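J.: These protein sequence lines are chains A and B, in that order.
Position 21, counted from 1, in the first sequence is what the numbering used here calls 21; the numbers after and before it change by one each time, with no gaps.
Position 328, counted from 1, in the second sequence is what the numbering used here calls 328; the numbers after and before it change by one each time, with no gaps.
It is worth saying that the hints were derived from the structure and are not from the lab.
Careful: at least some of the hints might be erroneous.
A few chain B residues facing chain A, derived, Cβ under 7 angstroms [what the hints assert, rightly or not]:
(1) 82
(2) 303
(3) 323
(4) 324
(5) 390
(6) 415
(7) 416
(8) 498
(9) 511
All figures in this text were calculated on a predicted structure; none of them were measured in a lab.
The beta-carbon is built from N, C-alpha and C at its ideal position, and this holds for glycine as well.
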Amino acid sequence: MRKSIALGTSAIVAIAGFAYAEGHMASDMTLVSWGGAYQASQQKAYVEPYVANNPGVTAVWDESSSEAVAKLRAMNEAGNVTWDVVDVVAADAIRLCDEGLAMEIDHDEILAPGDDGSSATDDFGDLIVSDCFVPQIVYSTTFGYRDDLVGDTPPTSVCDVYDLEAYPGMRSLERNPIANLEWALICDGVDIADVYDVLETEEGQDRAFAKLDTIKDNVIWWSAGADTPQLLADGEIVMGSTYNGRLFSLIEEQDQPVSMLWDWQMFDLDGWIIPAGLSPEREARALDFLRFATDTQRLADQAKYISYGPARASSAPLVSTHAELGIEMAPHMPTDPANSQNTFLFNYEWWADYRDDLDAKFQAWLAQ
Amino acid sequence: MTDANGTIVAADGRPLKASLNRALRREKMRAFLLILPLLAFVMLSFIAPIFDMLFRSVQDDITSRTLPQTVIALDDWDYEGTEIPSEAVYEALYYDMFFAAEAKKHTALGSRLNYETTGMSSLFRQTGRSLDDMGEDVIEAMEDASEALDDSAFWASIFLTQDSSAGSNAAAARAWASSIADMELRLPAGAYLSDAAAETLPNAARQYAAFAMFTHSVDEDVPAEEDPWESVWLALAEDLTAGDLSYDGVGAEELAAVQAAVTAPMADFTYTAAFLDQDEDWADREVIGTIKTFSSPYTAGYFLTAVDLELTPAGAQAVDEDVQIYITLFWRTLWMSMTITFSCILLGYPIAWLMANLPDRKANLIMILVLLPFWTSLLVRTSAWKVLLQQQGVINDTLVWIGLVGDGSRLALINNATGTIIAMTHILLPFMILPLYSVMKGIPPSYLRAAKSLGATDWTAFWRVYFPQSVPGIGAGCILVFILSIGYYITPEIVGGTKGVFISNRIAFHISSSLNWGLAAALGSILLVVVLGLYWAYDRIVGIDNVKLGG
């Protein structure tokens, strides 16, 4: 099997690099992303320069990333996959890889080496969480709070979310067990290193839900990333969790009286996959685009438009200023040393196992 | 005209009856052809997908397809007993899993079984990665004993032949491998599985055949140029240690040398130990029991889950109280839909009455006001309700300003059942008003005047004369509103918070997030049956003839 993998890989390389010259690549590609400011940043940082380098190539967007897994499965069953490169969160990439819906990729062969000479696998490091996944950005789910509603002592710890006396009012949390259960345990005194061990046990889960019970009546549960920024802007909540890029645009671009609380932000990854079963021409085009769009400079460029951290270590020094506001972007990155004193990374493998079970518990708990 | 037999005939001499029938048939054909496009469209885009979806709620062949031998071997294992499964089960599991891992089908099975037992997903994923290392000692001993085994062509020369009279197309191996790979596999054209090898080295021959088919059909490579998988090596070791070697074809000498070398390491190797070394969960009764329980191609499991039960090796039983949710959601969906329908009647009836009785100009103005929101995007309307209903929203601000509620005790009108009922009543109101209006338009105003002239009070005239005639409109409106609301999902998702979401929100979750399409299909089927049941009850109580969409 080891040998056959090696052989298979060399076949992919042949397709990517040598056997298919420019003329054998499809000239259209369909990229899938999340829409909004994020997709716009990809359009500016990746697609526009790529199309400029490759005249004659057209790229269209499909804003379907939130349902990418289900749609890819349906396309695969129908035998007609119409997407070429798909932007998904890492957990979805793992699911797609497990289901055989995404193509396995040899990162060192397919992707460009880092500008500092490191190999792609070293440059991305631990962020390659699946054989099918090419990481693109590191984002985090973290809290923002209203400056005018928190009194003289703004919150400094994620556990202040649980402090109804010091910070009365509503909070918003994601309608999803992920991150909420971890935060609940951390604030209940569990050491970060033991969080998942505790959460594996029935008692640990009860403990997390008991902690959440203490604020249950004061929580608005969100399901779309835009909810918390809107609730904060309306003064509907005192503090709430959402993606750090949303908070950045709320604070810096829309100038709302809101501040970031980076304590125990939960890192997550977003990146690309290529669907399994594309024709050789389309696959060659997709791989060519992927190699370009995930090189060191391109990933650093994306940070000009949105405050998500580039997934390559070699991109970090190249992060410059915001394209319109002109402010330094580095201090707004979730990976900035000042922001990342207390962080944890979403444990993909663990959640792949426990998600079905804990989600059922979480939903039942919400309904009570 | 009549012919000799006295039958009436048409002008062309055929019997009139036949001639008429023919003309009618042509008419019918033409009518049928006219509706054919619609019929085909409805069949293809509506009926077929619904049946496909319904079928998914009971179909569950992934376990029996991906682990065919294991499922058969597990027949003898008793869940109630204390024994772990026999070595034969783990042996079957090894070969099934190995091939499934090559075909990348094992992780999909892991995700499927993880719906039932937490941990199966990573168990399958991790075991899939470590299958190469199982029996490492045995394979190393074989490599040391004969260099010939490192030559791919040597393997092909033992197991494959070009002589169709000395070989077969390996039907059993083909069925097994095709089942796991979920596609038709076959040996390269002109290559046959050697009968001599199949007889004396049965396990290895079968595994090699599967390897060769996969290499040919999926990787599109030549088997004789590819190194066989570890599973083929282990199968060969097994054959060589099963007894005296009666194989005397190509490479018999090398195999004899391998046999001598492999006996000792094989004595130390068991499939059971290999799996348990990888993960002790492979001895877990629940894990094996789950595989056994979901090994038939059809299951009631999804339907049981959809009503807060679970299928276990010991039969169906209720799930823990802290994960029960579906019954609650079904009830909530029903009572909230009824509340919404009722509020639509309360609000819609007077408006429809006004529209039916005002002069046309004014009635048209109201009609436009009714239809205007109807033409606005659903999402915009729902989001507008957010702005109105939230605690810092327009309604609460106004109430605080008037002084009806204190600033500290603003009303919670959104992110709960109240929010869903308000927003959905507004969104579905036109579906109540329009049938009501068209029925009321058909009630002659002279009836009311006649009742009054005979001495009825306003109320009696309305209640005894007017209202009964408007009931068919109420019936039509109720059916429309109720059936639409029972399947609504976007509005409850946005304004429903946790206490105001419907069963359809869970269906959407299982379709797009958890990928548990079987469960989503079962929930959808139950919803469909409930609606049909209510429709039947409505027909029995009110009578479906008593429903009118127009006067």
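J.: Now, for every hint given, state plainly whether the structure supports it.
T.: Taking the hints in turn, this is what the structure says about them:
1. The interface hint given for residue 82 of chain B is broken, as the beta carbon of that residue sits about 24 angstroms from the closest beta carbon of chain A, more than 7 angstroms.
2. For residue 303 of chain B, the suggested interface contact is broken, since its CB lies about 16 angstroms from the closest CB of chain A, more than 7 angstroms.
3. The criterion of a C-beta within 7 angstroms of any C-beta in chain A is met by residue 323 of chain B, whose closest approach is roughly 4 angstroms, and the hint holds.
4. The beta carbon of residue 324 of chain B is positioned within 7 angstroms of a beta carbon in chain A (closest approach about 6 angstroms), and the interface hint is therefore held.
5. Using the Cβ-Cβ criterion of 7 angstroms, the hint placing residue 390 of chain B at the interface with chain A is satisfied: the shortest such distance is roughly 5 angstroms.
6. A distance limit of 7 angstroms between C-beta atoms decides the matter here; for residue 415 of chain B the minimum to chain A is near 5 angstroms, and the interface restraint holds.
7. Checking residue 416 of chain B against chain A: minimum C-beta separation of about 10 angstroms lies over 7 angstroms; hint violated.
8. Below 7 angstroms, beta-carbon pairs count as interface contacts, and residue 498 of chain B has one with chain A at about 4 angstroms; its hint therefore holds.
9. Because the beta carbon of residue 511 of chain B sits about 6 angstroms from the nearest beta carbon in chain A, less than 7 angstroms, this interface hint is met.
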